[in-house]
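Participant: Here the protein sequences line up with chains D and E, keeping their order. Taking this note's numbering, the leading residue of the first sequence gets 172, the next gets one more, and so forth. Taking this note's numbering, the leading residue of the second sequence gets 15, the next gets one more, and so forth.
Treat the hints loosely; a few may be bogus.
Mimicking DSSO-like on lysine-lysine, the simulated pairs with C-alpha atoms at most 27 Å apart in a straight line are [claimed, not checked]:
#1 Lys220(D) to Lys232(D)
#2 Lys25(E) to Lys272(D)
#3 Lys85(E) to Lys71(E)
#4 Lys28(E) to Lys71(E)
#5 Lys85(E) to Lys28(E)
#6 Lys71(E) to Lys220(D)
#7 Lys239(D) to Lys272(D)
#8 Lys71(E) to Lys272(D)
#9 Lys220(D) to Lys272(D)
#10 Lys239(D) to Lys220(D)
#11 Lys25(E) to Lys71(E)
#12 Lys272(D) to Lys85(E)
Hints are computed from structural coordinates only; laboratory data are not their basis.
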Amino acid sequence: AQSVTQPDIHITVSEGASLELRCNYSYGATPYLFWYVQSPGQGLQLLLKYFSGDTLVQGIKGFEAEFKRSQSSFNLRKPSVHWSDAAEYFCAVGAYNQGGKLIFGQGTELSVKP
Amino acid sequence: DTGVSQDPRHKITKRGQNVTFRCDPISEHNRLYWYRQTLGQGPEFLTYFQNEAQLEKSRLLSDRFSAERPKGSFSTLEIQRTEQGDSAMYLCASSLAGTSGWDEQFFGPGTRLTVL
Numbered sequence: 172a173q174s175v176t177q178p179d180i181h182i183t184v185s186e187g188a189s190l191e192l193r194c195n196y197s198y199g200a201t202p203y204l205f206w207y208v209q210s211p212g213q214g215l216q217l218l219l220k221y222f223s224g225d226t227l228v229q230g231i232k233g234f235e236a237e238f239k240r241s242q243s244s245f246n247l248r249k250p251s252v253h254w255s256d257a258a259e260y261f262c263a264v265g266a267y268n269q270g271g272k273l274i275f276g277q278g279t280e281l282s283v284k285p
Numbered sequence: 015d016t017g018v019s020q021d022p023r024h025k026i027t028k029r030g031q032n033v034t035f036r037c038d039p040i041s042e043h044n045r046l047y048w049y050r051q052t053l054g055q056g057p058e059f060l061t062y063f064q065n066e067a068q069l070e071k072s073r074l075l076s077d078r079f080s081a082e083r084p085k086g087s088f089s090t091l092e093i094q095r096t097e098q099g100d101s102a103m104y105l106c107a108s109s110l111a112g113t114s115g116w117d118e119q120f121f122g123p124g125t126r127l128t129v130l
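Kindly produce the complete structure, drawing on both the sequences and the hints.
Facilitator: Rendered as structure tokens:
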């Protein structure tokens with residue numbers, strides 16, 4: 172069965188510092204991997220996705236993620252965090268041709284210190 | 015705004031009552047999904063439709079839950095005889111099925127249900 176683990180429930184970084192949010196997945200074949208962000212009162216917004224090809228993918232708002240098959244990981248990174256990045260971040264996995272159903276991790280809440 | 019909309023945004027009900035939520039997807043989208051999100055957790059898949067056909071239901075969707083999409087446009091999710099454990103955010107998403115094997119889901123703001 173597919174599953175996603177986000178080991179860090181809450182992370183605090185200083186504004187301007189770099190950020191890495193961890194995500195590990197379990198899936199028998201090559202997964203489709205996603206990162207979503209959720210701000211209070213807002214719907215989930217897709218930051219980036221990985222299907223195949225280049226294992227380093229770029230997303231919106233300056234985020235990137237790297238797919239590492241050997242580690243079953245898809246960590247999200249940003250070189251310099253802005254106060255507006257404070258939100259909840261979710262990693263998700265989908266299966267090819269299974270209707271787009273997504274399996275989400277439990278999320279990592281990001282706080283940004285001034 | 016042409017995004018996914020959900021109504022109501024908040025619902026407070028007493029245990030045992032029935033509630034119904036509505037989701038209006040992006041107009042040209044043929045797939046519609048329902049997820050449930052409890053506090054401190056990620057969204058959990060409940061069910062999805064392609065046009066008016068309900069193609070998959072999660073084991074989380076007990077007999078008290080029913081979802082419809084009668085004309086392939088908006089969808090409703092009804093919970094009968096609500097229980098306190100039903101308190102959660104109910105999220106709707108829509109997508110346009112393509113040929114890539116996966117399609118991007120656009121999420122609505124959710125309906126927050128509180129069962130007293």
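Participant: Each of the hints needs a verdict: does it hold here or not?
Facilitator: Against the structure, the hints:
1. Lys220(D) to Lys232(D): holds (14 Å)
2. Lys25(E) to Lys272(D): holds (26 Å)
3. Lys85(E) to Lys71(E): holds (19 Å)
4. Lys28(E) to Lys71(E): holds (26 Å)
5. Lys85(E) to Lys28(E): Violated, at about 31 Å.
6. Lys71(E) to Lys220(D): holds (25 Å)
7. Lys239(D) to Lys272(D): holds (22 Å)
8. Lys71(E) to Lys272(D): Holds, at about 10 Å.
9. Lys220(D) to Lys272(D): The given pair, whose Cα atoms are some 14 Å apart, holds under the 27 Å limit.
10. Lys239(D) to Lys220(D): The hint holds at about 14 Å.
11. Lys25(E) to Lys71(E): OK: Lys25(E) and Lys71(E) at ~23 Å, within 27 Å.
12. Lys272(D) to Lys85(E): The given pair, whose Cα atoms are some 21 Å apart, holds under the 27 Å limit.
Figure legend: structure checked against the earlier numbered hints; the only hint not met is number 5.
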